[in-house]
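Colleague: Quick note, the sequences are listed as chains A and B, same order.
According to the working numbering, the first sequence is numbered sequentially starting from 7.
According to the working numbering, the second sequence is numbered sequentially starting from 7.
Everything hinted at is true.
Repeated chains share a single entry, so a pair holds when one copy, or any two copies, can fit it.
Result set (SDA-like, lysine to any residue): computed pairs, CA atoms no more than 25 Å apart in a straight line: (1) 110 - 180; (2) 110 - 162; (3) 40 - 53; (4) 40 - 87; (5) 110 - 82; (6) 110 - 98; (7) 40 - 72; (8) 110 - 178; (9) 110 - 160; (10) 40 - 71; (11) 40 - 128; (12) 40 - 133; (13) 40 - 51; (14) 40 - 119; (15) 110 - 196; (16) 40 - 90; (17) 110 - 99.
Please keep in mind that the hints were generated in silico from the structure rather than gathered at the bench.
Number of protein chains: 2
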Amino acid sequence: MPATTSSPRTDSRTDSRPGGRSARVRAAVHQAVKELLADEAGELTIPVIAARAGVHATTVYRRWGSVGELLADVATSRFSGDIVVPDTGSLREDLERYASDLAKDLGDPDTLALVRAIVGTGGEGAGICRGERQQQLEAILEREQARGNQPPPVERAIDALLAPLYYRAVFTDQAPTPEWARTLVSHLLPD
Amino acid sequence: MPATTSSPRTDSRTDSRPGGRSARVRAAVHQAVKELLADEAGELTIPVIAARAGVHATTVYRRWGSVGELLADVATSRFSGDIVVPDTGSLREDLERYASDLAKDLGDPDTLALVRAIVGTGGEGAGICRGERQQQLEAILEREQARGNQPPPVERAIDALLAPLYYRAVFTDQAPTPEWARTLVSHLLPD
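Throw the hints in and build the complete structure from the sequences for me.
Modeller: Take a look at the structure:
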């Protein structure tokens, strides 16, 4: 089923006004998803989300199509620009700050519940979450290259930093800590 | 709600016979979960699973309690002893074979759908899956230690091997390949 994601539908003129009904529905539905994830209610289905948001299930189906599309939309607003990419002038320090900010973010139970739910729907939400992080890492590595140095390839940095951070958060009960995140950088950049 | 997981319930004597009704229900429900995951049906709920298995939803609720418990049970039967831990006499070769077997396993869409669903329920299924892999890795590292050598610590091996394999499988559309898995070993054991 096709579904619009971030922008409000424009079938009806009044619906597309910022702050109009469409924006209110979106806010209520996003809020319902966050609350249900925090409750660990178990089954995140469109009827359950719609009931919590106080809107008709058909409205949610029409606008997002599936729980996967809806979570992708929540992920877009949640993960876009949430972490400031550090710019300290040193690759090692940039990566240490970035990895430890990401560890803090993934240590937040609400973030973790959203990441897990997104993986569970198996879809594009995971790509959005990964894409945002990968671009941030690339920005750090490109800056090092612009300084005339030879940073590790981005694939290597993903395997050494993003992968253990997400693996630990998603597959274990140990929250990743900023200290541990910095040791990951020391393995990527020995010296 | 408490729930039994792997062993059949013994409330009723006839129910506990191997091959009896309880075993048939378990097989039908496990099969339903696998089919629904393969369908990418989206919402994996107990009523949907029960309907596919041809049993009453109350039977499933009584026996497993939640989708999370049920997926943990499916994970236990799926991931126990599925990969043979290699024993070639060389740490590097053992790890290369192990990582490439795991890459092949995670490249299977059915395995991947199960791993994603397990992460989505946020619960013990992820621990079961991780626990099994971690023990296999430990067995390889301990054998190297018994040969009088100094292998990397298990935490380091998890970060360098399991984490990128699962991260790539779960967060990206690239299936992990055996060749790439072997390069992960070369980063863990430089030379």
